[in-house]
Amino acid sequence: MGGISLNYLVRRLLVFFLTLWVAATLIFIIPRLAPGDPIAAMVARLTYQAGFVEDSNAIIEGWKERFGLNDPVYVQYVRYMGNLVRGDLGYAMARFPSTVSELVGRALPWTIGLVGFATLIFFTVGNLFGALLAWTKTPKLVKVMIPMSMIFTSIPPLLAGLLLLYVFGFKLRIFPQNYAYPLGAQPELTLEFILSVLYHGFLPAMAIVLVTFGYWALGMRGMMVTIEGEDYMILAQAKGLKPFYVLYRYMIRNAILPQMTALAVSIGTLVGGSVLVEVIFNYNGMGTLIFTAIREQDFNLIQGTSFILIVTSALAVLIIDLCYPLIDPRISLEGK
Amino acid sequence: MSQTRSNGSERVVLNVEKLRIHYATPQGEVIAVSDISFDLYEGETLGLVGESGCGKSTTAYGILQLVQPPGYIVHGSIKVDGTEVLDLSEEELRSFRWTGLSLIPQGAMNSLNPTMRVKDQIIDVIEAHEGKQTDKKALRERIYDLFAKVGLPNRIYNMYPHELSGGMKQRVCIAMGVALHPTVVIADEATSALDVVVQRIVAQTLIQVKDEIGVSLIVIGHDMGLLAQIVDRIAVMYAGKMVEIAPVESIYAEPLHPYTKLLIDSIPSIKERKPLRITEGITHDPRNPPSGCIFRLRCPFAWEHCAEVEPLPIQVDRKHEVACHMFDEQFEERRAHAFATTANP
Numbered sequence: 026m027g028g029i030s031l032n033y034l035v036r037r038l039l040v041f042f043l044t045l046w047v048a049a050t051l052i053f054i055i056p057r058l059a060p061g062d063p064i065a066a067m068v069a070r071l072t073y074q075a076g077f078v079e080d081s082n083a084i085i086e087g088w089k090e091r092f093g094l095n096d097p098v099y100v101q102y103v104r105y106m107g108n109l110v111r112g113d114l115g116y117a118m119a120r121f122p123s124t125v126s127e128l129v130g131r132a133l134p135w136t137i138g139l140v141g142f143a144t145l146i147f148f149t150v151g152n153l154f155g156a157l158l159a160w161t162k163t164p165k166l167v168k169v170m171i172p173m174s175m176i177f178t179s180i181p182p183l184l185a186g187l188l189l190l191y192v193f194g195f196k197l198r199i200f201p202q203n204y205a206y207p208l209g210a211q212p213e214l215t216l217e218f219i220l221s222v223l224y225h226g227f228l229p230a231m232a233i234v235l236v237t238f239g240y241w242a243l244g245m246r247g248m249m250v251t252i253e254g255e256d257y258m259i260l261a262q263a264k265g266l267k268p269f270y271v272l273y274r275y276m277i278r279n280a281i282l283p284q285m286t287a288l289a290v291s292i293g294t295l296v297g298g299s300v301l302v303e304v305i306f307n308y309n310g311m312g313t314l315i316f317t318a319i320r321e322q323d324f325n326l327i328q329g330t331s332f333i334l335i336v337t338s339a340l341a342v343l344i345i346d347l348c349y350p351l352i353d354p355r356i357s358l359e360g361k
Numbered sequence: 006m007s008q009t010r011s012n013g014s015e016r017v018v019l020n021v022e023k024l025r026i027h028y029a030t031p032q033g034e035v036i037a038v039s040d041i042s043f044d045l046y047e048g049e050t051l052g053l054v055g056e057s058g059c060g061k062s063t064t065a066y067g068i069l070q071l072v073q074p075p076g077y078i079v080h081g082s083i084k085v086d087g088t089e090v091l092d093l094s095e096e097e098l099r100s101f102r103w104t105g106l107s108l109i110p111q112g113a114m115n116s117l118n119p120t121m122r123v124k125d126q127i128i129d130v131i132e133a134h135e136g137k138q139t140d141k142k143a144l145r146e147r148i149y150d151l152f153a154k155v156g157l158p159n160r161i162y163n164m165y166p167h168e169l170s171g172g173m174k175q176r177v178c179i180a181m182g183v184a185l186h187p188t189v190v191i192a193d194e195a196t197s198a199l200d201v202v203v204q205r206i207v208a209q210t211l212i213q214v215k216d217e218i219g220v221s222l223i224v225i226g227h228d229m230g231l232l233a234q235i236v237d238r239i240a241v242m243y244a245g246k247m248v249e250i251a252p253v254e255s256i257y258a259e260p261l262h263p264y265t266k267l268l269i270d271s272i273p274s275i276k277e278r279k280p281l282r283i284t285e286g287i288t289h290d291p292r293n294p295p296s297g298c299i300f301r302l303r304c305p306f307a308w309e310h311c312a313e314v315e316p317l318p319i320q321v322d323r324k325h326e327v328a329c330h331m332f333d334e335q336f337e338e339r340r341a342h343a344f345a346t347t348a349n350p
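Chains Z and W are the protein sequences, given in the same order. Residue numbering for the first sequence follows the working numbering, beginning at 26 and increasing consecutively. Residue numbering for the second sequence follows the working numbering, beginning at 6 and increasing consecutively.
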């Protein structure tokens with residue numbers, strides 16, 4: 026039961042790499058369609074800071090040459106692809122001599138942590154609330170409370186973030202207003218540091234959870250109602266099983282399957298949604314990095330960060346896909 | 006085959022008294038089951054027949070306390086071995102289920118949980134009523150034993166429902182239904198979804214298991230031919246009413262109620278082609294049943310009295326009741342009077 030054939034694995038991996046290639050190409054093209062270029066933007070910024078930069082035109086030309094921006098686009102594309110394959114994302118143009126890999130390496134764990142933490146919470150809470158909404162034995166009070174808790178579902182994460190920040194960060198001052206950990210602290214594996222990370226990550230994670238879990242609760246409720254009408258539910262009732270056992274072994278177990286698929290599909294959107302939340306909280310993750318990269322028109326950094334986010338999402342989807350036979354016995358990836 | 010048993014025990018294991026079930030709809034109450042009363046004797050197999058929508062499944066689900074909203078039991082009494090089912094508390098009912106009354110469901114195809122192994126679905130009902138089983142080996146033997154009773158191979162023990170054929174799923178449901186030796190088993194169109202060959206084999210398995218374990222059985226169906234071969238008595242339902250209940254040999258030899266007659270005439274014969282007679286007339290609106298006899302709109306013998314007075318079940322023989330004015334002792338007298346008055350205005 027639930028095995029995976031080599032044939033399927035190969036096909037699935039091909040799709041995975043195809044996704045990455047298409048994504049990499051799009052990321053290469055899109056920033057180049059915008060007017061302006063990174064070197065000019067950088068020099069302008071230097072000018073703004075220093076008042077006057079001597080020989081700015083020469084500097085621009087020199088740097089353009091150095092980053093290969095004067096080569097024809099297809100040469101740049103081939104070089105970019107070659108570098109990608111070797112895992113070299115290049116220098117961050119606007120922050121030379123930092124490499125993109127360095128910056129991404131520093132930011133990625135924070136985003137994975139934040140989005141992972143938020144996903145864990147909204148998926149659990151959403152499905153649990155949805156299940157309780159549909160269950161006939163749920164106390165009346167709970168059934169009234171749950172829909173009320175979902176009012177945030179209709180606002181974008183950006184606004185939820187601002188609202189939380191204003192209320193809990195500025196007014197009540199219960200939670201820190203920005204950063205993933207206290208300024209000046211060194212990332213290290215101590216309990217104190219981990220607690221402070223959780224403390225700092227709570228508001229941004231909540232901003233994502235609040236606007237997302239209602240969607241999952243409603244989806245789950247719909248699935249539960251469908252399951253409730255199944256023949257095996259009548260039999261479960263006739264069998265005199267304990268109600269709680271029926272809830273999780275008969276109802277939730279079956280209703281959760283489409284939810285897992287939906288989760289796999291929504292991971293990309295989720296990461297995208299976290300960008301703005303990170304920016305609001307000045308959270309030093311991929312979102313903030315992408316945001317500054319776009320502002321600085323740093324082609325390499327935009328490409329690098331976007332590419333890494335796409336790799337992460339595609340990888341998450343791949344993992345959920347391959348796990349499917351484990352959660353649904355009817356699905357076998359063993360081939361005919 | 007089964008007819009020899011019909012004179013068996015006199016002990017009543019299930020007594021249904023004036024059971025009434027309504028479905029609440031925005032347009033009014035649909036009367037699905039209307040004051041049905043009958044007894045089921047120990048070791049007996051009772052067939053419940055009638056056309057679609059006559060309330061036979063609703064009756065079964067009413068007895069099992071499984072009527073799904075918007076349906077509800079208006080009144081009645083259901084006694085299993087003297088226990089009033091309708092008076093049980095929720096927890097009492099839960100533990101009474103499957104040990105007192107068990108169900109072999111209508112749609113065996115979808116009646117098993119698709120994400121649980123066959124063994125786990127039988128184990129869960131055993132553990133829900135007998136507590137956690139510590140001796141896993143004995144438990145496995147017990148399930149193999151159930152499999153053997155219904156003719157299932159042991160290799161399906163670890164399988165999922167989607168790996169079984171329709172007939173096998175139905176057998177799993179039978180094995181599950183008798184796992185706790187319930188007092189009464191209700192088989193709700195247990196064979197309807199199967200093809201005729203498998204249908205017959207499964208029906209025979211059902212009777213075999215029933216005899217082996219010694220439970221009482223209610224078989225719901227619309228296939229009069231199949232039922233004739235496996236049941237001891239037949240109860241005929243029409244529009245929520247039980248119109249006749251009789252031993253199988255007398256109902257086929259001499260059906261009394263006009264509806265029963267039509268129903269038996271509807272069994273196709275391979276010797277002669279005959280037109281279907283049952284289509285005459287229409288069924289009334291179940292929200293607004295006609296006065297008097299429920300069947301009078303379609304009955305070829307209906308007369309004034311049928312519209313005025315509702316016929317009550319009349320005992321015509323041992324274990325044989327019919328609800329029709331024609332079998333009333335005063336029938337001839339009444340009709341003579343009626344025709345006399347219409348003849349001389």
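Note that these hints are calculated values from the structure, not bench results. Treat the hints with caution; some may be incorrect.
As the list claims (entries may be wrong) - To give an idea of the chain W side of the interface with chain Z (calculated C-beta under 8 angstroms), a few residues:
1. Leu69
2. Leu71
3. Trp103
4. Pro110
5. Ser116
6. Leu117
7. Asn118
8. Pro119
9. Thr120
10. Asp129
11. Val130
12. His134
13. Leu169
14. Phe336
As the list claims (entries may be wrong) - In silico DSSO-like cross-links for lysine-lysine, where the CA-CA straight-line distance does not exceed 27 angstroms:
15. W/Lys137 with Z/Lys162
16. Z/Lys267 with W/Lys84
17. W/Lys141 with Z/Lys267
All of these numbers come straight from a predicted model, not from anything done at the bench. Built from N, CA and C at the ideal position, the CB exists for glycine as well.
Okay, the hints, checked on the actual structure:
| no. | hint | verdict |
| --- | --- | --- |
| 1 | Leu69 | holds, 6 angstroms |
| 2 | Leu71 | holds, 6 angstroms |
| 3 | Trp103 | holds, 5 angstroms |
| 4 | Pro110 | holds, 5 angstroms |
| 5 | Ser116 | holds, 4 angstroms |
| 6 | Leu117 | holds, 6 angstroms |
| 7 | Asn118 | holds, 5 angstroms |
| 8 | Pro119 | holds, 6 angstroms |
| 9 | Thr120 | holds, 5 angstroms |
| 10 | Asp129 | holds, 6 angstroms |
| 11 | Val130 | holds, 5 angstroms |
| 12 | His134 | holds, 6 angstroms |
| 13 | Leu169 | violated, 12 angstroms |
| 14 | Phe336 | violated, 43 angstroms |
| 15 | W/Lys137 with Z/Lys162 | holds, 24 angstroms |
| 16 | Z/Lys267 with W/Lys84 | holds, 23 angstroms |
| 17 | W/Lys141 with Z/Lys267 | holds, 21 angstroms |
The structure is inconsistent with the numbered hints 13 and 14, although it conforms to all the rest.
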